[in-house]
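All chains, please: the whole structure from these sequences, using the hints.
Protein chains: 2
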Amino acid sequence: MATPWQCLCLILILIISILCQASSIQLPSKNGARYLSIFWSSNRTLSVSPKYNYETKYFQQKLDHFSFTHLPSFRQRYLINTQYWLGPSRLGPIFLYCGNEGDIEWFAANTGFLWEIAPRFGAMVIFPEHRYYGESMPYGSKEEAYKNATTLSYLTAEQALADYAVLIIELKRNLSAQACPVVLFGGSYGGMLAAWMRLKYPHISIGALASSAPVLQFEDLVPPETFYNIVSNDFRRESMSCFRSIKESWDVINKVGQINGGLAQLTKTFHICRELESADSLTNWLESAYSYLAMANYPYPTDFLMPLPGNPIKEVCRKIDSLPDGASVLQRIFEGVSVYYNYTGKVNCFNLDDDPHGMSGWNWQACTEMIMPMASNRTTSMFPEFYYDPKSNEEQCLKDYHVKPRPTWITTEFGGHAFKSALKAFGSNIIFSNGLLDPWSGGSVLKDVSDTIVALITEKGAHHLDLRAATAEDPDWLLDQRSSEIKMIRDWLDEYYGEKKATFSM
Amino acid sequence: MATPWQCLCLILILIISILCQASSIQLPSKNGARYLSIFWSSNRTLSVSPKYNYETKYFQQKLDHFSFTHLPSFRQRYLINTQYWLGPSRLGPIFLYCGNEGDIEWFAANTGFLWEIAPRFGAMVIFPEHRYYGESMPYGSKEEAYKNATTLSYLTAEQALADYAVLIIELKRNLSAQACPVVLFGGSYGGMLAAWMRLKYPHISIGALASSAPVLQFEDLVPPETFYNIVSNDFRRESMSCFRSIKESWDVINKVGQINGGLAQLTKTFHICRELESADSLTNWLESAYSYLAMANYPYPTDFLMPLPGNPIKEVCRKIDSLPDGASVLQRIFEGVSVYYNYTGKVNCFNLDDDPHGMSGWNWQACTEMIMPMASNRTTSMFPEFYYDPKSNEEQCLKDYHVKPRPTWITTEFGGHAFKSALKAFGSNIIFSNGLLDPWSGGSVLKDVSDTIVALITEKGAHHLDLRAATAEDPDWLLDQRSSEIKMIRDWLDEYYGEKKATFSM
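These protein sequences, in sequence, are chains A and B.
Each residue of the first sequence is one higher than the one before, counting from 46 in my numbering.
Each residue of the second sequence is one higher than the one before, counting from 46 in my numbering.
Read the hints as simulated data drawn from the structure, not as lab findings.
Take the hints with a grain of salt, since some may be wrong.
Identical chains blur together in the list; that is why a pair holds if it fits in one copy or across any two.
To be verified - In silico BS3-like cross-links for lysine-lysine, where the CA-CA straight-line distance does not exceed 27 Å: (1) K391 to K313; (2) K292 to K444; (3) K313 to K505; (4) K192 to K465; (5) K465 to K546; (6) K364 to K187; (7) K192 to K469; (8) K492 to K545; (9) K546 to K436.
If you're wondering where the values come from, they're calculated on a predicted model, not measured in any experiment.
In structure tokens, the structure reads:
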């Protein structure tokens with residue numbers, strides 16, 4: 046029985062859902078691109094005060110860098126710390142994090158690595174916010190910016206890259222720091238931006254650390270099954286029986302969902318607050334959990350996407366496997382997924398509609414440029430089988446956002462099958478760091494492209510673990526990875542200073 | 046006395062001028078950027094039938110590649126010839142001319158070099174038209190496209206580059222020619238586009254011949270006096286007295302203009318159809334002639350900008366110098382400038398308002414991105430002294446086009462002072478060819494940047510002479526230049542084929 050409090054919650058959730066759906070509707074669940082977005086938890090995390098010292102500043106940006114349309118400019122927020130900066134006369138470096146799809150304070154709080162190494166490089170630290178996220182809202186407010194396809198239309202990666210280019214150049218000009226080298230950092234989509242920045246604006250920075258950046262997750266550059274195969278392998282490596290339980294569960298859920306009273310039974314078994322309207326919504330909810338678990342499969346407890354134990358997949362599988370022989374597969378699955386959705390044990394029931402992805406800029410991006418085909422096959426994946434269907438994706442995006450995806454645009458703009466060879470011939474100084482547990486790693490660069498464009502791989506790493514702050518529990522391989530990164534950044538800087546010196550002495 | 050026919054002409058011209066000025070007004074005369082545009086004569090030249098064989102096709106392009114605004118797409122025209130193409134199976138190359146600020150048929154007619162060498166390379170030839178020129182009009186017609194700052198706002202270099210990228214990729218896909226190498230060509234602004242294309246879309250082409258491309262004519266990358274100094278030198282090298290006559294003439298014109306009946310006297314001396322309203326308009330008219338003469342200072346007669354004799358500046362100076370000792374400086378100047386404005390001898394009087402620059406997309410571009418600072422100093426220039434004033438340029442553009450120039454955008458986007466070092470580190474396979482008589486050469490790349498980014502210089506060449514069709518009068522140095530270009534293009538292709546072969550045999 047629901048308590049009056051639960052009833053009130055349900056009503057509120059219903060109202061909010063309806064309001065949200067009016068302006069933004071969920072993507073089709075099988076569009077894996079949405080898993081890249083880690084924006085959804087930022088509001089929660091942001092309630093804590095910032096971990097690091099910075100000033101918050103604002104820069105007036107053009108809304109469209111590539112046309113001369115009369116549009117209102119907008120205030121781009123950036124966080125800046127010059128405490129350890131060597132300054133212009135000593136060519137103090139500038140460490141810039143390419144803000145991605147979320148509030149920049151959240152990325153600043155979760156990119157401890159940058160803050161920790163900046164002092165030893167005498168570096169200024171800048172975290173510019175990505176347009177249409179956090180406080181960097183065109184048209185004065187999120188409500189206005191997210192009003193419709195017209196107001197949202199300038200939310201693109203190219204515009205964000207141009208924002209960073211313009212900001213860097215203006216900032217350097219104001220500080221008379223034109224000769225100071227810029228090193229870029231970025232994780233996930235931010236890592237893609239950092240790498241693309243090296244390709245498109247090579248004169249702006251001297252190198253980039255692109256962590257967990259799935260720059261190849263477009264068109265047919267990697268097989269569409271890649272993402273779900275890696276998630277599946279993350280479970281299989283922990284326990285074959287756990288993998289099998291999950292793989293079996295989908296049929297069971299479907300069958301139970303079809304019998305009389307089956308949805309009520311599923312609702313009860315999974316402690317869902319409102320009775321399920323279809324088995325599919327439960328399936329989506331579970332798929333999300335597994336995917337995010339794989340991304341956040343860190344070796345120590347974190348509060349990044351959700352509060353989670355260390356090695357959370359191991360924990361999920363332990364739960365699934367540890368139930369007595371007679372336990373149903375559904376009971377196992379529920380126990381397992383509770384590690385993700387309820388690690389604190391404080392949740393009484395789960396709101397499937399309370400998916401924080403709802404109204405997010407990333408869903409717009411995933412419906413416009415960031416078309417990352419995803420599929421799941423019967424043999425290698427533990428997920429239900431499905432194919433990537435560009436047609437239905439397009440229909441959904443037209444329905445949801447009144448926008449037609451451009452699935453070949455990113456490959457046209459940044460290089461498709463020729464991306465790596467273009468990088469080899471025309472790029473330098475990029476670290477593509479990846480943890481192989483991260484399902485996005487399959488869409489990233491996993492082999493050295495050249496002497497200076499290198500792949501740093503950790504077998505047991507997950508989604509941009511290297512960018513996180515150091516902890517006492519950091520395993521050796523993580524320490525090694527970070528020290529390799531520091532060494533490479535040092536090399537870029539040394540090379541730059543060497544060239545500068547040679548120029549001066551000429 | 047004017048004949049009735051001349052009167053009718055004058056009335057028509059007056060009406061056209063008024064109509065044109067309603068939507069587009071001349072740039073301040075001292076904005077040298079306008080001299081880059083060679084669009085103005087295209088309508089005249091186009092009345093002749095095309096010299097080369099091609100099919101005319103159309104490609105549906107997005108108006109804004111960098112946003113998802115709901116805008117009408119437009120038909121981009123392109124000329125194509127596959128007659129000599131080796132086809133996809135033999136990796137037949139694709140020679141693509143980056144259309145610049147004019148009707149593409151005119152560029153096709155004036156880029157004989159490309160047509161002449163294509164057969165020996167087994168190359169397909171494509172001439173895509175630049176958006177907002179010729180038939181490639183957004184919003185259905187030139188009238189609509191040029192209506193106001195909003196409709197014109199997508200006339201930018203970045204959008205044009207993206208047009209070419211999208212067109213090439215789609216065309217190759219349709220022809221199953223994905224593996225066929227693309228070689229870019231371009232002259233003047235088209236050469237800038239070709240070079241920028243190598244920097245921004247390195248995966249799209251294997252090399253570019255950028256002829257007379259003033260990629261450095263921005264901000265303070267070269268001194269603002271560069272352009273007019275070169276024009277002046279072109280006259281000085283022919284005759285010091287000619288140079289002096291021109292240099293002296295400005296004061297005389299001004300003085301005469303100020304006396305009673307002086308404007309009438311100038312009108313008569315220079316055979317101007319309508320009485321001059323100011324001495325300035327005469328000055329501008331003369332400055333234009335000298336600048337274009339320097340650009341078109343070809344070693345044989347041409348009909349490129351105007352019908353001109355070979356070595357036209359020599360001819361101008363011969364006229365100026367050959368008048369008897371008693372001749373006035375104004376008489377000398379008139380005789381000289383008639384070589385430019387009236388080589389055919391058919392013009393009875395000159396219409397200063399009949400400046401074909403009037404309604405041109407280039408003026409919009411020169412008021413938005415293509416901000417090329419120009420100045421003239423007292424010591425090295427034969428032109429009246431003037432300084433570059435960004436403020437007054439901005440005011441003029443705001444007045445004329447209701448648009449604010451972005452003088453630092455091109456340098457932000459393509460690299461400013463770091464352009465050459467970025468090219469060196471991140472570029473390859475570009476020929477910057479320049480004739481030193483061309484006043485634009487001073488803003489181009491005149492020294493090798495790397496082993497594969499080379500400067501090809503001819504001392505006696507003018508504005509992208511190398512791209513013109515071979516003639517019986519071609520001097521040896523021009524033949525040498527073209528054969529160097531052919532050799533380099535061959536090298537690019539050989540290297541590409543070598544790499545492909547190595548990949549296949551792996």
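Verification of the supplied hints:
1. K391 to K313: Classified as within: same-chain Cα gap 17 Å, cross-chain 96 Å, threshold 27 Å.
2. K292 to K444: neither (32 Å within a copy, 68 Å between copies)
3. K313 to K505: Classified as neither; 36 Å inside a copy, 88 Å across copies.
4. K192 to K465: For K192 and K465, the Cα distance exceeds 27 Å both inside one copy (38 Å) and across copies (43 Å).
5. K465 to K546: Between. Shortest inter-copy distance 18 Å satisfies the 27 Å Cα cut-off; intra-copy 32 Å does not.
6. K364 to K187: neither (41 Å within a copy, 69 Å between copies)
7. K192 to K469: neither (41 Å within a copy, 45 Å between copies)
8. K492 to K545: Close across copies (20 Å), not inside one copy (31 Å); limit 27 Å.
9. K546 to K436: Classified as neither; 56 Å inside a copy, 37 Å across copies.
Checked against the numbered hints above, the structure violates hints 2, 3, 4, 6, 7 and 9; every other hint is satisfied.
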